[in-house]
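Trainee: Start from the sequences, fold in the hints, and give me the full structure.
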Amino acid sequence: MFPIKESRFLSEDVKLFRVQAPRIARKRQAGQFVIVRIHEHGERIPLTIADSDVDEGTITIIVQGIGKTTRLLNELEAGDAILDVVGPLGEASEVKDFGTVVVIGGGVGTAIAYPTAVAMKQAGNHVITIVGARNSSLLILEDEVRATSDELYLMTDDGSYGEQGFVTQKLQSLIDQGRTIDHVLAIGPIPMMQAVAEVTRPHQIPTIVSLNPIMVDGTGMCGGCRVYVGGQCKFACVDGPEFDAHQVDFANLVQRNRMYRQREQESLEQFEQDPTHDLEEAHHCQMEQRFPEAGPRTV
Amino acid sequence: MTTMVDKLPPKERTKIPRQTMPEQDACERAHNFREVNLGLDEAIAQRESQRCLTCADPKCTHGCPVGVQIREVVDLVREGEYLSAAAKLREDNVLPAVTGRVCPQENQCEGACVLARRFNSLAIGYIERFVADYERETGQVGLPERAPATGKKVAIVGSGPAGLSCAGDLALKGHGVTVFEALHEIGGVLIYGIPEFRLPKEIVRQEVDNMRAMGIDFQTNVVIGKTVTIDELFEEEGYDAVFIATGAGLPKFMNIPGEELPGVYSANEFLTRVNLMKAYDRDQYDSPIYECRDRNVAIIGGGNTAMDSVRSALRLGAKNAYIIYRRSEEEMPARGEEVHHAKDEGVQFMNLHNPLEFIGNEEGNLSGVKLIKMELGEADESGRRKPIPIEGSEFVMPIDVAVVAIGTGANPLVQSTTPDMATNKWGYIVADDETLRTNKRGVFAGGDIVSGAATVILAMGAGRTAARSMHAFLETGQW
Ligand SMILES: Cc1cc2nc3c(=O)[nH]c(=O)nc-3n(C[C@H](O)[C@H](O)[C@H](O)COP(=O)(O)OP(=O)(O)OC[C@H]3O[C@@H](n4cnc5c(N)ncnc54)[C@H](O)[C@@H]3O)c2cc1C
Ligand code: SF4
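Keeping their order, the protein sequence lines are chains E and Y. So that you can map any letter, position 113 of the first sequence is 113 in this note's numbering, and since no number is skipped, the others follow by simple counting. So that you can map any letter, position 221 of the second sequence is 221 in this note's numbering, and since no number is skipped, the others follow by simple counting.
The set of hints was computed from the structure by calculation and includes no laboratory data. Keep in mind that a hint or two might mislead.
Claimed, not checked - Restricting the straight-line Cα-Cα distance to at most 16 Å, the calculated cross-link-like pairs of lysine to aspartate or glutamate (EDC-like) are:
| no. | chain 1 | residue 1 | chain 2 | residue 2 |
| --- | --- | --- | --- | --- |
| 1 | Y | K7 | Y | E81 |
| 2 | E | K234 | Y | E259 |
| 3 | E | K234 | Y | E260 |
| 4 | Y | K278 | E | D97 |
| 5 | E | K121 | E | D97 |
| 6 | Y | K201 | E | E40 |
| 7 | Y | K386 | Y | E475 |
| 8 | Y | K440 | Y | E260 |
| 9 | Y | K173 | Y | D240 |
| 10 | Y | K153 | Y | E232 |
| 11 | E | K5 | E | D97 |
| 12 | Y | K153 | Y | D420 |
Stated by the list, open to error - Covered, in the sense of this in silico footprint (three residues per stretch, anywhere, with C-beta under 8 Å from a C-beta of chain E), are these stretches of chain Y:
| no. | region |
| --- | --- |
| 13 | 220–229 |
| 14 | 256–267 |
| 15 | 322–335 |
| 16 | 376–386 |
Just so it is clear, the structure is predicted and the values come from calculations on it, not from any experiment. Even for Gly, the Cβ is constructed at its ideal location relative to N, Cα and C.
Mentor: Here it is as structure tokens:
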């Protein structure tokens, strides 16, 4: 059982949670993730650790409600608890003084990129951050990102906030201006990451992306998260999740992420029609937490 | 209790045929996940126990990797003393309800039984299961007495049969035992790998509950090497000794073209989705599995994992479920009973075939596999005849789902964060044969992570060996 200490919506369907998980908080480095399961009948899903507080023993996760499990998670609040949280998993981001680093976050990818931006800044880099979203209501973590960036560019598809355009347009214009860029980190929807890779490829700017394949265990045991990088099979959960963008087979990642689309759609529809059963189960878990004698569980 | 049956003269005993295991009808069971073998009733168990010749030098015990006192157990069964039989069994084997179901008896106790030379071997696995189930179902599992607390703390990494048996023995000696497990459930392969229809999960849970009652602390969701390292277990969490039993859980792929296609699974993933995540019960559980219903599913491999996968595929509704194996049935490493059950259920065996390539359709999903026929040549290092491709025999078979079950390797998470602990060239941990000590003070290792993928009973035996030498280390402090 992992108690939720705080929760708040950052935008319409993106929610931030601070979760009690002292061992994970102590170990976690930027770029790593956890796997969570909400209740006994739930699935295991990976979520990036956005932040941690060692003294308090908490980790922060930021969740976009897109499928059944993430929607259900976003129904939980402070005082509730998550059944299983395991981590920190994956390799940490490579952080050192590269010089000038461009960090690009698309949608909820901003939350995933943010901790690495902080680490890059601390390592002495000049950090340029480009944040993109479809519209102003989907922009998240603006203040936090601003505080850690030397330059910040906000881009919305519809121009409802910041500049109108895609993150790649901004990146391209920085390159065209002749700015020296030593390292790029791009995290967001697959098409965005792929587009960034194509912008930096001709200029041979080292570019890293964080991949989000489907996972089960997150410890290298199932191989479901295998991605193809430079023609080689890699397990994103243990070898990644960050890889060289110029080597990644994005088309295959898109394919593999579609494997369960129909089933995912059905589950989501069922949940939206009648979420009571799942909610009850998620809350039943808290009963156990509040009354430990009701069932043995370990934190 | 039953009536005691007088011992028959040896000649009469050999006239009794080996009793058969009652099982769910093959057509019916091929569509459900309930256990296939139903277990012996008392009358059948009695009749089977009559067949034992009570040898002066019981070969069966030599054939068992942990030396279960089979003759004594069978004697007690014949006398109707089932609980005493169970207690006798537990002296050497802490998971009898499991091994009675999953041991490859034909190569072990039953293979060594003298009856096997002229008649059929004694059905030792069935008797073992009967005794263990009797004890369990009558709720009379006698929890052994714990020695007074020693004040020492041990950490067990991994909760498969090696970890569980080590934990049980050390708890009895009075040590404080914590088991760390990466997954959300306790049991290792017994929970995530071996399917419900062969080993009901309830049996594993009961064993674990018994251990909880003995005071063992189980901590799920802890990945040693990630959440906590081995060094931190000693330095920050105050453990006095550690046993590493992380199994051989890293799936191997064939590295042939098309393996990246959606529809191609490792057996570990396929079985984890089915068993641990219960994907077969889609009304109740959220984890999905790629559609097998009315489709063609091919499993590559000939071991227990392959048999478990192919029989799971059938139960998920596959139209055709194939085993593709590059040698012949004789060389198959799977338990005999599993092959036999798979055939009865309608699995199609394509022995002496090897995949060359997976083929995708326009949508980019798996649609076929290119196979080549094989023939057997001379024996190789493993003593098995080497399969050789027959040139020009390639053909394409349409399939929608493929499961690669060609073996597993060592997961490096613990080893890579414990650089001062020796490993061999395949990444397995090096441990002394007798004491299971590694080269790192206070750290022991056993089960599949030392031996490579093996069996439940060998892992259990390793756990007990480790417990003995850990106890000695904790008592004396001598390394
Ligand atoms: C599908 C299948 C069918 C099989 N059928 C049979 C059979 O019929 N008969 C038979 O005798 N044998 C069978 N085997 C083999 C047998 O299951 C194994 O040999 C045995 O389980 C090994 O036991 P173990 O304790 O060494 O490891 P495992 O059972 O593999 O358990 C290891 C545990 O450690 C955990 N772990 C791994 N890394 C970490 C970490 N870093 N931190 C914390 N925990 C960790 C894992 O999650 C796992 O739960 C089968 C195996 C498979 C896969
Ligand atoms: S543990 Fe396995 S090998 Fe030993 S007696 Fe029991 S069934 Fe036979």
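Trainee: With reference to the structure, classify each hint as holding or not holding.
Mentor: Each hint, compared with the structure:
1. Y/K7 / Y/E81: holds, 15 Å
2. E/K234 / Y/E259: This hinted pair holds, its Cα atoms lying about 12 Å apart.
3. E/K234 / Y/E260: holds, 11 Å
4. Y/K278 / E/D97: Measuring from Cα to Cα gives roughly 47 Å; hence the hint is violated.
5. E/K121 / E/D97: With a Cα-Cα distance of about 9 Å, the restraint between E/K121 and E/D97 holds, given a limit of 16 Å.
6. Y/K201 / E/E40: holds, 15 Å
7. Y/K386 / Y/E475: violated, 50 Å
8. Y/K440 / Y/E260: violated, 39 Å
9. Y/K173 / Y/D240: holds, 15 Å
10. Y/K153 / Y/E232: Since the Cα atoms of Y/K153 and Y/E232 sit roughly 14 Å apart, the hinted pair holds (cutoff 16 Å).
11. E/K5 / E/D97: With Cα atoms ~35 Å apart, E/K5 and E/D97 exceed 16 Å; violated.
12. Y/K153 / Y/D420: Violated, because 22 Å separates the two Cα atoms, which is more than 16 Å.
13. 220–229: holds (count 7)
14. 256–267: holds (count 7)
15. 322–335: Contact hint for the region 322–335 of chain Y vs chain E: violated, 0 residues under 8 Å.
16. 376–386: As far as the region 376–386 of chain Y goes, the hint is violated, because 0 residues have Cβ atoms under 8 Å from chain E.
Consistency with the previously given hints fails for numbers 4, 7, 8, 11, 12, 15, 16, ordered from lowest to highest.
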